[in-house]
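Peer 1: Letter by letter, the chains look like this.
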Amino acid sequence: MTARLIEGSEAIAAAGVAAGCRFFAGYPMTPFTEVLEHFATMLPASGGTCINAESELEAVGMAWGAAATGARAATGSCGQGLALMQESFSELTRAEVPLVIFNMARGQGDYFQTTRGGGHGDYRILSLAPIDLGEAVELTQLAFDLADRWRNPVIVVGDYLLAHTHESLDVRPLDFAPLPAKDWVADGELRGAKGSRLVSSLGMDKQGGGESDPERFWKRLDRKAREIAATEQRWESSFTDDAELVVVAYGTAARFARSAIHELRADGIRVGMVRPITLWPFPSQAVREAAERAGHVAVFELNAGQMVDDVRLAVLERARVVSIGGISTDASHFGVGDLLDADRIRKRIERTLRGEEIEP
Amino acid sequence: MSRPILSTDAPPREPATRTHRASPELLLAEQHHMCPGCGEPLAARMILEAIEEMPEIEGAIGVVGIGCYTGFAMSMDVDTIQALHGRAPSLATGAKRMRSDALVFTLQGDGDMVNEGLQEILHTAARGENVTCVLLNNGVFGETGGHMTATTVIGQRTKNSLDGRDAAYHGHPILIGDLIACLDGASYVARSSVHDAKGVIRTKQMLKEAFASQLAGAGFSFVEVLTMCPTGWFIPTAEGPGYLDEVMGSVHVTGELKRDGKRVSPSGSSAGGR
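If you're matching them up, the sequences are chains S and R in order.
Residue 39 is where the first sequence starts when you use the numbering used here, and the numbers rise one by one after that.
Residue 2 is where the second sequence starts when you use the numbering used here, and the numbers rise one by one after that.
Heads up, some of the hints might be wrong.
Where chain S lies over chain R, by a calculated footprint (3+ residues, C-beta under 8 Å) [said to hold, decoys possible]:
1. 56-63
2. 73-80
3. 99-107
4. 115-124
Here are the simulated EDC-like pairs of lysine to aspartate or glutamate, each with C-alpha atoms no more than 20 Å apart in a straight line [as the list claims (entries may be wrong)]:
5. S:K232 to R:E53
6. S:K262 to S:E282
7. S:K232 to R:E26
8. R:K209 to R:E26
9. S:K385 to S:E282
10. R:K263 to R:E144
11. S:K232 to R:D179
12. S:K262 to S:D376
13. S:K262 to S:E394
14. R:K209 to R:E247
15. S:K385 to S:E253
16. R:K160 to R:E144
17. S:K257 to S:E274
18. S:K220 to R:E57
19. R:K209 to R:E57
20. S:K220 to S:E205
21. S:K232 to R:D261
22. S:K232 to R:E59
Facing chain R, according to a computed beta carbon distance under 7 Å, are these residues of chain S, among others [to be verified]:
23. A101
24. W102
25. R264
26. A267
Simulated from the structure, these hints should not be mistaken for lab results.
Cβ coordinates follow ideal geometry from the N, Cα and C atoms, glycine included.
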C-alpha cells in the first residue's frame, strides 16, 4: 500500500481491522459516528460483524460478549455515550475481558472520565491519547495488543479533529511481541471432563466448587493495575534538558502547543514539553523529572482543569504548576474552540514566563 | 414389583453406595445455594439435560444474569459468561455472532430481564438474534428477599407491596412471553412451569424445541419458566407449587405462544398447559 489522503475515523477503523478486530458495536453520536460507519463498511468484508446497537448499554454488552469468546472486539462513542457504559467498563475490568474503546470526545472534558471513570469499585483502564492520525493508527493497534496482553479494557482518546481531519497515511499492520494463548475464553467448546470455562467479574471459577474468595481476587487485580502503572507509562519529551518552563499537554491540544513551542525555540526561548501518550498510567516520572529541572510547569488542556491534578500529584512541591488552558469550545458543542491556535498558546506561554497568571 | 430402592425395615449393614449417577453429566457440583423449595435448580437442570439429549449440539455458551441463579455459572459444565444485571441478551448477541456454531443461551430472572433489561431482551428478539433466552420467572426479586418485579401479579404480596400488588398504585405486570411473541424476529416462544413433574418435563421439551429452532437458524427463541420462590412469596414453602399453579399461572398462562415464527392460537396453547 501507499499513502493516501484518509479521514481520521476511517484510519482508526482501518487500523482496528488491521489489528484483527472482528467485532464492533456502537450507537451513533457525533463526532464518533463516522468511526462506527467505517467499521460497518469494513468489518463484513473482513469476515467480521458490526452492529448498530439500540443503545450504548447494548453496544458495550455486545462487544463484551464477542470479546469473551476470544474475538478482538471494540466499541466507542463520545464521552456522553461512554458515560452510559461506565458500569460495564468496571465489570469488564474485573472480568479481565480485553475490550478496546474509542472515545471521539467533544473536546478534552472527559479526562477525568477516562482516567478515573464513573464505574463502581476499584478498577483501572489503560488510555492512549494520539496526537495525530499517524499516531492514532499505531496506538489503535497497540490498544488491541495491550488489551490482550493485560486482559484489560483500553481506551483510545480522540476528538472531533482527530476523527475528522484528513491526512496522508498508509495504514499498515504493526508487529507486536507474541501474546499468551487465550486459554480462558468462553468459545463454546464442549470439552467435557469439567473443562468448561467461566468469564466472570465476581472472581468465581468453575473449579472453585461454588466458592469464591473476593478479597484474594481483588488484591490480584490491584497487583495487576500496579504492574501496568509501573510498566506502561508512555510519553514524548522535547526540549526538556534546558527548559525554563515545561508545558504538559495531550492529544490535539498538544499538537497546537507543540507548534507554539517550536516557534518559541526558534526564537531562542527555552520552553520544553512533556506529552503524555498514556493518560492512565500517567507518565508521572517523566513529568516529575522535567519539572524538577525546569522548576516551572504549565498545563495546557481544554477543560476547567483536570489533568493538572495528575501533574500536581507527579510534581508535588518540586516545581510551580500552573494551568494555561481552559474551557474552549464553539457553537457546534464539539470542542473546537479558539484556544486551538498556536499564536494564542504562544502568548499564554510567554505571559507565564513573565510570571503573569492566565485567567481560566 | 422390583425390590425397594431403600429398605427401612432394619438399619443398613453396609454403607450406602451409589449405583448410578442420577444428575446430568454437565452438572459440575451437586450442591447449590438455592433454598429448599426453589424452582430454579429444576429449570437449570432441564437446560443441562436438554443439551445432553441433543447430540446435534456441538458447542454451547451460557450467559447468566444477576440473581440467585448466577451461582449456576459455577455448576454448569458449559462455557459461561457472567453478565451485568439485565445485559445478558446483548452479551449473547456478541458471543453468537463470533461463535455461530455454538448454542448460545441466556439464563435470567424476571428482575434481570423484565425490569432492568427489558430493552435488551426486546431488541434482541426483534433483531431475530439467533440465540435462546431463558427466563426464570418467580415474580419477585428473590435474592434481595422478595421485592416486586415487573412480572409480580396483581394481589401478590412482596416486601414492597405488603398488601398485595395494587394495579392503581403499582401498575400492571408485564406478560413478557406474550410481548415477545408479537415481534417478527421471534421464532419460538413458550412458557412452562416447574410446579409439578409434568411441568418440569414440559419445560425440557420446550427448551429442546427452542434449541432446535436456534440450531436451524430460525431466529430468536424464548422459554419462560415459572418457578417457585419459597422465601419471597410470604406463604409456607409447601404451598408454593399450588400458588404458582393457581395464582401466578392464571396470569402468566403456560403453553407455546409461537412456533416456526407463527403465533399459536390460545386453544392450541392449552396442550400441556392450563
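Peer 1: Does each hint fit the structure? Answer for all of them.
Peer 2: Structure-based check of each hint:
| no. | hint | result |
| --- | --- | --- |
| 1 | 56-63 | holds (count 5) |
| 2 | 73-80 | holds (count 7) |
| 3 | 99-107 | holds (count 6) |
| 4 | 115-124 | holds (count 3) |
| 5 | S:K232 to R:E53 | holds (14 Å) |
| 6 | S:K262 to S:E282 | violated (37 Å) |
| 7 | S:K232 to R:E26 | holds (9 Å) |
| 8 | R:K209 to R:E26 | holds (17 Å) |
| 9 | S:K385 to S:E282 | holds (16 Å) |
| 10 | R:K263 to R:E144 | violated (36 Å) |
| 11 | S:K232 to R:D179 | violated (37 Å) |
| 12 | S:K262 to S:D376 | violated (41 Å) |
| 13 | S:K262 to S:E394 | violated (43 Å) |
| 14 | R:K209 to R:E247 | violated (26 Å) |
| 15 | S:K385 to S:E253 | violated (52 Å) |
| 16 | R:K160 to R:E144 | holds (12 Å) |
| 17 | S:K257 to S:E274 | violated (32 Å) |
| 18 | S:K220 to R:E57 | violated (26 Å) |
| 19 | R:K209 to R:E57 | holds (11 Å) |
| 20 | S:K220 to S:E205 | violated (36 Å) |
| 21 | S:K232 to R:D261 | violated (35 Å) |
| 22 | S:K232 to R:E59 | holds (16 Å) |
| 23 | A101 | holds (6 Å) |
| 24 | W102 | holds (5 Å) |
| 25 | R264 | violated (25 Å) |
| 26 | A267 | violated (26 Å) |
Hint compliance for this structure: hints 6, 10, 11, 12, 13, 14, 15, 17, 18, 20, 21, 25 and 26 are not met, and every other hint is.
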